[in-house]
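Colleague: Chains as they are written, first to last, in the numbering used here: chain A, 13 to 469; chain B, 13 to 469.
Quick caveat, the hints were computed from the structure, so don't treat them as lab data.
Take the hints with a grain of salt, since some may be wrong.
Each pair may be met inside one copy or between any two copies, as identical chains are not told apart.
What the hints assert, rightly or not - Here are the simulated EDC-like pairs of lysine to aspartate or glutamate, each with C-alpha atoms no more than 20 Å apart in a straight line:
no.: 1; residue 1: Lys267; residue 2: Glu25
no.: 2; residue 1: Lys267; residue 2: Glu75
no.: 3; residue 1: Lys91; residue 2: Glu16
no.: 4; residue 1: Lys320; residue 2: Asp59
no.: 5; residue 1: Lys267; residue 2: Glu27
no.: 6; residue 1: Lys468; residue 2: Glu206
This one's a predicted model, so the numbers in the text were calculated from it and none came from an experiment.
There are 2 protein chains.
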Amino acid sequence: MNAEIPYKTYLTEAELPTAWYNVRADMKKKPAPMLDPRTLKPCSQQDLERVFCRECVRQELDETSQFIPIPGAVRDFYKMYRPSPLVRAYFLERALGTPAKIYYKFEGNNTSGSHKLNSAIAQAYYAKEQGLTDVTTETGAGQWGTALSMGSAFFGLKCHVYMVKCSYEQKPFRRDVMRTYGADVTPSPSMTTEIGKRINEEHPGTTGSLGCAISEAVERAITLPNARYLLGSVLNQVCLHQSVIGLETQAAFRKLGVKPDVLIGCAGGGSNLMGLIAPFMGEKLRGENDYRFIAVEPASCPSLTRGKYAYDFCDTGRVCPLQKMYTLGSDFIPSPSHAGGLRYHGMSATLSELYDQGLVEARAVEQTSVFEAAVQFARTEGTLPAPESSHAIRVAIDEALRCKAEGRSETIVFGLTGTGYFDMVAYGRYIDGEMGDTIPTDEDIAAGLAHLPEVKL
Amino acid sequence: MNAEIPYKTYLTEAELPTAWYNVRADMKKKPAPMLDPRTLKPCSQQDLERVFCRECVRQELDETSQFIPIPGAVRDFYKMYRPSPLVRAYFLERALGTPAKIYYKFEGNNTSGSHKLNSAIAQAYYAKEQGLTDVTTETGAGQWGTALSMGSAFFGLKCHVYMVKCSYEQKPFRRDVMRTYGADVTPSPSMTTEIGKRINEEHPGTTGSLGCAISEAVERAITLPNARYLLGSVLNQVCLHQSVIGLETQAAFRKLGVKPDVLIGCAGGGSNLMGLIAPFMGEKLRGENDYRFIAVEPASCPSLTRGKYAYDFCDTGRVCPLQKMYTLGSDFIPSPSHAGGLRYHGMSATLSELYDQGLVEARAVEQTSVFEAAVQFARTEGTLPAPESSHAIRVAIDEALRCKAEGRSETIVFGLTGTGYFDMVAYGRYIDGEMGDTIPTDEDIAAGLAHLPEVKL
Chain A
13 MNAEIPYKTY
23 LTEAELPTAW
33 YNVRADMKKK
43 PAPMLDPRTL
53 KPCSQQDLER
63 VFCRECVRQE
73 LDETSQFIPI
83 PGAVRDFYKM
93 YRPSPLVRAY
103 FLERALGTPA
113 KIYYKFEGNN
123 TSGSHKLNSA
133 IAQAYYAKEQ
143 GLTDVTTETG
153 AGQWGTALSM
163 GSAFFGLKCH
173 VYMVKCSYEQ
183 KPFRRDVMRT
193 YGADVTPSPS
203 MTTEIGKRIN
213 EEHPGTTGSL
223 GCAISEAVER
233 AITLPNARYL
243 LGSVLNQVCL
253 HQSVIGLETQ
263 AAFRKLGVKP
273 DVLIGCAGGG
283 SNLMGLIAPF
293 MGEKLRGEND
303 YRFIAVEPAS
313 CPSLTRGKYA
323 YDFCDTGRVC
333 PLQKMYTLGS
343 DFIPSPSHAG
353 GLRYHGMSAT
363 LSELYDQGLV
373 EARAVEQTSV
383 FEAAVQFART
393 EGTLPAPESS
403 HAIRVAIDEA
413 LRCKAEGRSE
423 TIVFGLTGTG
433 YFDMVAYGRY
443 IDGEMGDTIP
453 TDEDIAAGLA
463 HLPEVKL
Chain B
13 MNAEIPYKTY
23 LTEAELPTAW
33 YNVRADMKKK
43 PAPMLDPRTL
53 KPCSQQDLER
63 VFCRECVRQE
73 LDETSQFIPI
83 PGAVRDFYKM
93 YRPSPLVRAY
103 FLERALGTPA
113 KIYYKFEGNN
123 TSGSHKLNSA
133 IAQAYYAKEQ
143 GLTDVTTETG
153 AGQWGTALSM
163 GSAFFGLKCH
173 VYMVKCSYEQ
183 KPFRRDVMRT
193 YGADVTPSPS
203 MTTEIGKRIN
213 EEHPGTTGSL
223 GCAISEAVER
233 AITLPNARYL
243 LGSVLNQVCL
253 HQSVIGLETQ
263 AAFRKLGVKP
273 DVLIGCAGGG
283 SNLMGLIAPF
293 MGEKLRGEND
303 YRFIAVEPAS
313 CPSLTRGKYA
323 YDFCDTGRVC
333 PLQKMYTLGS
343 DFIPSPSHAG
353 GLRYHGMSAT
363 LSELYDQGLV
373 EARAVEQTSV
383 FEAAVQFART
393 EGTLPAPESS
403 HAIRVAIDEA
413 LRCKAEGRSE
423 TIVFGLTGTG
433 YFDMVAYGRY
443 IDGEMGDTIP
453 TDEDIAAGLA
463 HLPEVKL
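Chain A with its partners taken away, still in its complex shape:
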């Protein structure tokens, strides 16, 4: 097809970023500080270090360093699966008959099947550096648990994963991938923690929730002699590590002599989207270039489009710090959706602040239209996308069709965060016409927002 732009652009290993980009350094108005759940006062380094690794906390609180060096051992690990390709979606463009140029940054070429590995290996490294022996975490869909198991195996850490019980039972293969990498995987709620025992007593037969699994993992981290809790999204440190996606994308576009017009990503906790757009947002914040940014969320869990910008708890167990963010309320239960990675009631504090400043657009899309886009993408571009990533595909296709209608040849880039190999139940239901859409009513939304904590700073 087009001979000038290759299908896939790979940077060389020498061009792999040597530092992560911290977008907060370029924001005039910073995200609001995290609050301690016991005092509702801003968290100190010390407060946070009880739960998280020291260096991760330092990065979490760092609002001024524009770049933070990537440690050599992390960069070496990155070389096993990075730089990831920036792909020109020639076949999708042809299928749509659009004059738009569509690119995607593909993060699925690793065994975790997603971008999660970018932060998992960094956090595992800092845990090892601190002299820890154990790390704990929770996993719902399983991608973060897999990524952290891989990172822990690499650095010789023992990894304890609390996996939401229904997911543990429905996705035994995800569980076995983690076990292959040496992790202990416990269905949550379990009898290994106080909070797990209490929930099992109060709700016999419960199949668990992410909120409960987080609380169990945090409790486990605090009670083990030499352990910390690691989290896979939402936090500033995670957005920071994910900036490697955007830095590579920026470098690849410069190499190609191409300037994108629209950048699109799915948003659950917000870290992959922030990772993709951060360096471009930096250009925009510094007045060097202008871009459109679109965050895509599921209509079943619309924190940006229908939530409220307020302080809220990050977990249902209320053991983690509070953040000011777009939230549906920590009690909000999203209607069933096959994009498990996007079923979070809140959103990254940084992304929330940028959205609040009008620098990012948001769009909510329905599940069936997402799977329609996923299948079209799979059949034309080859790769079977994760349901989460397919939210971005849906809007990228919509934007390309808008370009077609308007006769514009804009350059669109979206984040293809992962593959759908472990999501075949969802694909099967879609193929069989058994998938529906469930969108919360205004009453559902109001109920979720009714109990936000009262915070006075």
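Start from chain A and add chain B according to the hints.
Modeller: Here is chain B on its own, set in the frame of chain A:
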């Protein structure tokens, strides 16, 4: 680590091979001709065209063209997932403490999860070129069926896959991947063919076999108005298409200024191994360079190491042409193994002939030692390998340990043909210590070889 050789070497898209390499052109003694199962006489182009696509038959019979051009449309499709990386296994070398240099050519970065796509897209293209509307095939483990579903979706062909019933029931996710790409997937034996009906009547409740699924797929191809049957291994045409693996490997090594000493691949039907080694074998046959080649097979299905070089049927239904090959007999039932892709009683005719000439070594390895190598590889190099590919990993590690014992720094390269994401039942059993080894007795082998057809040419 070593700054001179990168972790991953990618060719540019411009360096993607423009022609497949046909090793038979460089063989002085050619593989024996295929025989028609009805007459036991050498097959003509016409005989084979009843079942296979015209151009595929031409390639099957072509013993003289050294190179056969890759059609533009196939080359464009290749660009979606090729050139594949040649990876330096620095982390595995470090874990083994070996002076050997270990490389692997990784074919798993595509949704079929394996090298199978290299031939599937070529065969689908030739089917489309011939004006066909439908293609049929069988699948056991599911990788070939997935690859052909993807190729068929791309060229707008209807793909009919007969999936061995026990596999259909145990691997519903593989089935749903194929359906996502638009394929019809039928558990075999089915009631859609005469042979399927007969087998269902004779063996009520049977869970099927590859031999039966082949026969059903061939019958379906012959009875549909505008269809042919496509096969994913064993045949010369498939080895030809897979030569893209070896050509890229050869080009990458030349770029790096490295000459490998030992090339290793797993061998079920033999096509991935032939694909990897063919261009290097060509150098050896032409007297330009010397290499060691090692074919690795499961101890449970040891066609090269314990079989006989003789004419045999390629399928248990005896509807496909006969080949002269290393075989355990078409009635041989391998003991249970989790490397479904290596449970074939015979072997590529070309590989068999090269092995018979002493140009290739063969080694049989036991399942538990294969999974031990697989887990070590996963934890050090990140990627979770397919059980089939892990046979090659086992022997690569053994060779690297030999180098360590002998103080030699040889260069070892093996084919990492695919990923193990759909093989987690096997990994789970290994992790739980529930995996065993079953090796056929001499009596089992003798029984399989007792009924080889008598062929007089």
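Colleague: Next step is simple, just say for each hint if it's right about the structure.
Modeller: So, going through the hints one by one against the coordinates:
no. : hint            : result
1   : Lys267 x Glu25  : both (14 Å within a copy, 16 Å between copies)
2   : Lys267 x Glu75  : neither (30 Å within a copy, 44 Å between copies)
3   : Lys91 x Glu16   : between (27 Å within a copy, 14 Å between copies)
4   : Lys320 x Asp59  : neither (27 Å within a copy, 71 Å between copies)
5   : Lys267 x Glu27  : both (11 Å within a copy, 19 Å between copies)
6   : Lys468 x Glu206 : neither (31 Å within a copy, 78 Å between copies)
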